[in-house]
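Asker: Residue numbers (the numbering used here), protein chains in the order written: chain A, 15 to 234; chain B, 15 to 234; chain C, 15 to 234.
Just so you know, the hints here were simulated from the structure itself, not pulled from any lab data.
Computed from a predicted model, the values in this text were never measured in an experiment.
Using N, Cα and C, we set each Cβ at its ideal position, and we do this for glycine too.
There could be a bad hint or two in this list.
[To be verified] Just some of the chain A residues that point at chain B, by a computed CB distance under 8 angstroms:
1. Leu66
2. Gly68
3. Met105
4. Leu129
5. Leu136
6. Val151
7. Ser154
8. Pro157
9. Leu160
10. His207
11. Leu211
12. Pro212
13. Val213
14. Ala214
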Amino acid sequence: MPILLLVLDLGGTFVFAISGAMVAVRHRLDIFGVLVLAFAAGNVGGITRDLLIGAVPPAAIADLRYSGVSALAGLITFFWYPATNRFRNDMLWFDAVGLAFFAVAGAEKALAYGLSPVMAALLGMVTGIGGGMLRDVLVSDIPTVLRADLYALAALAGAGVVVSAHLLHLSPVVAAVAGGGVCFALRFMAIRHGWHLPVARPPPATASEAPHHRHDDEGN
Amino acid sequence: MPILLLVLDLGGTFVFAISGAMVAVRHRLDIFGVLVLAFAAGNVGGITRDLLIGAVPPAAIADLRYSGVSALAGLITFFWYPATNRFRNDMLWFDAVGLAFFAVAGAEKALAYGLSPVMAALLGMVTGIGGGMLRDVLVSDIPTVLRADLYALAALAGAGVVVSAHLLHLSPVVAAVAGGGVCFALRFMAIRHGWHLPVARPPPATASEAPHHRHDDEGN
Amino acid sequence: MPILLLVLDLGGTFVFAISGAMVAVRHRLDIFGVLVLAFAAGNVGGITRDLLIGAVPPAAIADLRYSGVSALAGLITFFWYPATNRFRNDMLWFDAVGLAFFAVAGAEKALAYGLSPVMAALLGMVTGIGGGMLRDVLVSDIPTVLRADLYALAALAGAGVVVSAHLLHLSPVVAAVAGGGVCFALRFMAIRHGWHLPVARPPPATASEAPHHRHDDEGN
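Here chain A stands alone, though its shape is the one from the complex:
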């Protein structure tokens, strides 16, 4: 079970480190800036979770493998950027896998530290979206994780399944597969079939105050 957690955590770290490195390359940061943003995107979700549940020092600080995996992802992205960029649309799927990994890992670890079921599910979501949030804030964008369809919700749903499976005394591996599957499936429906949640329509009077910069929805 600690091995399951480690695999999920490192898998999610690798995926998000790639996404951080791609954003860094696109903003013309030098190779070290790419590595820093890869580490931030890949680990800040897990670090936030660990600080909130009192697991100090956080795994990403205490265990070298996290920074190793992040650095590897950063270097791959930097040196093969044209190649990684060509797979950009595939990145959405890759990112959905990383989100599923992190949502499951976050919920499992929070449960292991004795948090209540609801809070364990919320911490799964925080683990999943934390790194991407910081990545986008650092390059002055409104976080994709807040704007992409069914993104934070998919993380919460996946984490919720893990917690429910735990309450039903199912094995952690079954919980992880089911939770990760639900998270990935929701993102799949959002990306492929346009599933989305409603948006409140601001009244006409405030329409002119709407933000001027509208990014494309899944844009990174």
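Given the coordinates of chain A, work out where chains B and C should sit on it, guided by the hints.
Answerer: Same frame as chain A, now just chains B and C:
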């Protein structure tokens, strides 16, 4: 006294969660993005305080009522946005009340955890402005809490009154009412009578580097 | 040795608090906003380090001298802004000294808390760049620490020298002088002689998505 703290904390959470949800609706986030920003704006100030004083896991994570209150505020804002938006000017007063609640709650809790008086006052300020800071950073704005008149100062003054009352061995309720009153009064004078602090005038040579986007001061 | 750490920490805090205050003045924040940004820029690097290594409450919260030094730096900048601004180019050197102080202090403190050598070096870097990151994010800029040449790398190299000296059982003072010297020297070569790291060249197809706002590299 724990009940006083809980009431103040939850009251502040509700108010700031509404402000976070309104910003999210104005940026066209979907309903789940609205809930996430409501939670962030309503709880990050208190979570930061709790991490800094070593109260782990933070109350907003350990106690379901915080996320419940945040979700309620987010849903109200989402479904009655035209109505809540119509009360937008009243929101400034509402926000001043929330700031007073958080400043007092932050100072009281820091004192209860044995921090020095000066630091308890500073933590009251951090509790008051932390959530609003993250709210604005997440939508790529310069935080209102740094630009609005007498905002952070009002929080610090209110928290300072709480700490002074504590040193004079007054009851926590008296301290809370006096501190909250001072915080609210300062914001009242800023909003209604234009009280403000001086701004340094940059020399002509650097005027052209001044930031190009100037938001209206109390604008959200 | 605790005195060495305190001197380095407070020195770095003073320098970064000045840089935070200058950014605040340039964005026309009032005097209290200047003080808040001075505190944030001067202390968030150290606070992050302390949270990550479990030194709670962080030194910047438990020890009044940190906020005192930050407030002093903020007031000096506010009242003598034309003068401090005239020395703006010298600020780059001053900033390099602060970075060296923080990188060394961060590594020393992480070692004292029993972290592994690699992680102690990384925490030295986090201490050095954390405050500047938040400073720039709060005014909606892409952090200079990610874009300036050899910035985060200089911090990591300096911290790495400290850690290596520690492994060789050299005295902390020797380690601090050597590590700080390396950090400063790298920034010196970047500023004076244009040393820099490679940037990945995005393929033509994505060139049009390149960020539209390109700031001058060392611009603050």
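Asker: Find the hints from earlier in the document that the structure breaks and name them by number, from lowest to highest.
Answerer: 3, 10
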